[in-house]
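A.B. asks: Sequence:
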Amino acid sequence: YSFFYFIIKTFLFKKTRIKYYLNGIDKIEGPYLLVFNHPSTFDFAYTFIPLYPKKINSIVAYYYFCNYKLGRLLHRLGSFPKFLYHPDISSIKNIKRVMRNKGILGIAPEGRLSAYGCLESLAPATEKLVKHLGVPVIMAKINGAYLTFPKWAKNIRRGLIEVEYEQILSSEDIKTMTTEEINDVLYQKLDYDDFKWQESKRIAYK
Numbered sequence: 017y018s019f020f021y022f023i024i025k026t027f028l029f030k031k032t033r034i035k036y037y038l039n040g041i042d043k044i045e046g047p048y049l050l051v052f053n054h055p056s057t058f059d060f061a062y063t064f065i066p067l068y069p070k071k072i073n074s075i076v077a078y079y080y081f082c083n084y085k086l087g088r089l090l091h092r093l094g095s096f097p098k099f100l101y102h103p104d105i106s107s108i109k110n111i112k113r114v115m116r117n118k119g120i121l122g123i124a125p126e127g128r129l130s131a132y133g134c135l136e137s138l139a140p141a142t143e144k145l146v147k148h149l150g151v152p153v154i155m156a157k158i159n160g161a162y163l164t165f166p167k168w169a170k171n172i173r174r175g176l177i178e179v180e181y182e183q184i185l186s187s188e189d190i191k192t193m194t195t196e197e198i199n200d201v202l203y204q205k206l207d208y209d210d211f212k213w214q215e216s217k218r219i220a221y222k
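Take the sequence shown: its letters are residues 17 to 222, numbered as in the numbering used here.
Take these hints with a grain of salt, some might be off.
In silico DSS-like cross-links for lysine-lysine, where the CA-CA straight-line distance does not exceed 30 Å [stated by the list, open to error]: (1) 71 x 191; (2) 167 x 144; (3) 35 x 118; (4) 31 x 157; (5) 31 x 85; (6) 205 x 222; (7) 205 x 217; (8) 43 x 147; (9) 71 x 43; (10) 70 x 31; (11) 25 x 170; (12) 109 x 70; (13) 170 x 31; (14) 167 x 35; (15) 147 x 191; (16) 157 x 167; (17) 25 x 118; (18) 205 x 147; (19) 35 x 71; (20) 30 x 212.
If you're looking for bench data, these hints aren't it; they were derived computationally from the structure.
It should be emphasised that the depicted structure is a prediction, and the values quoted were computed from it without experimental measurement.
Model the full structure from these sequences, guided by the hints.
C.D. replies: So this is what it looks like as structure tokens:
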């Protein structure tokens, strides 16, 4: 984990020009759920690296574990697979294990890369998972990543990426809220539009 932190921080962060605003989130101890929007390939890095030395256990699509070497690497980095948009008992067990160990679980509720730089639908039952776990929910809002490296691109377009952290739900909030209310908060907070953001920031992307 430390090796990849050094590589990503040295090369990727420099190439993509990242600014991040922790807003005191780095001082919060686990267990908690770390959610982030998913506009580009390296969103996990933009979200996890600023919190180092805290290590994040992430949910990754089962597809990436089909490659044996990549799957072993992901496993050693603390990730575990899940079948997208389907109930998965093994992933639930892993999630509970992370919470028991007072860890941090990283998840992109969209479940897939955005095709057009805006929020897509969230994976069904995300709000039920939040309700079931009952731990604080921290959000990392990523802006500019789609314009930097959209899913269809072959090369990185240097411009700017901003990542801002915020606690959007506390354990006390979750106890008193319905799953529908939790879902509304997730949609409201994770909503993004990279084109509107760029229009206000006036940042040039090469």
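A.B. asks: If a hint holds in the structure, say so; if it does not, say that too.
C.D. replies: Each hint, compared with the structure:
{"no.": "1", "hint": "71 x 191", "verdict": "holds (27 Å)"}
{"no.": "2", "hint": "167 x 144", "verdict": "holds (29 Å)"}
{"no.": "3", "hint": "35 x 118", "verdict": "holds (28 Å)"}
{"no.": "4", "hint": "31 x 157", "verdict": "holds (20 Å)"}
{"no.": "5", "hint": "31 x 85", "verdict": "holds (26 Å)"}
{"no.": "6", "hint": "205 x 222", "verdict": "holds (29 Å)"}
{"no.": "7", "hint": "205 x 217", "verdict": "holds (20 Å)"}
{"no.": "8", "hint": "43 x 147", "verdict": "holds (23 Å)"}
{"no.": "9", "hint": "71 x 43", "verdict": "holds (13 Å)"}
{"no.": "10", "hint": "70 x 31", "verdict": "holds (23 Å)"}
{"no.": "11", "hint": "25 x 170", "verdict": "holds (21 Å)"}
{"no.": "12", "hint": "109 x 70", "verdict": "holds (22 Å)"}
{"no.": "13", "hint": "170 x 31", "verdict": "holds (15 Å)"}
{"no.": "14", "hint": "167 x 35", "verdict": "holds (21 Å)"}
{"no.": "15", "hint": "147 x 191", "verdict": "holds (7 Å)"}
{"no.": "16", "hint": "157 x 167", "verdict": "holds (18 Å)"}
{"no.": "17", "hint": "25 x 118", "verdict": "holds (25 Å)"}
{"no.": "18", "hint": "205 x 147", "verdict": "holds (17 Å)"}
{"no.": "19", "hint": "35 x 71", "verdict": "holds (20 Å)"}
{"no.": "20", "hint": "30 x 212", "verdict": "holds (24 Å)"}
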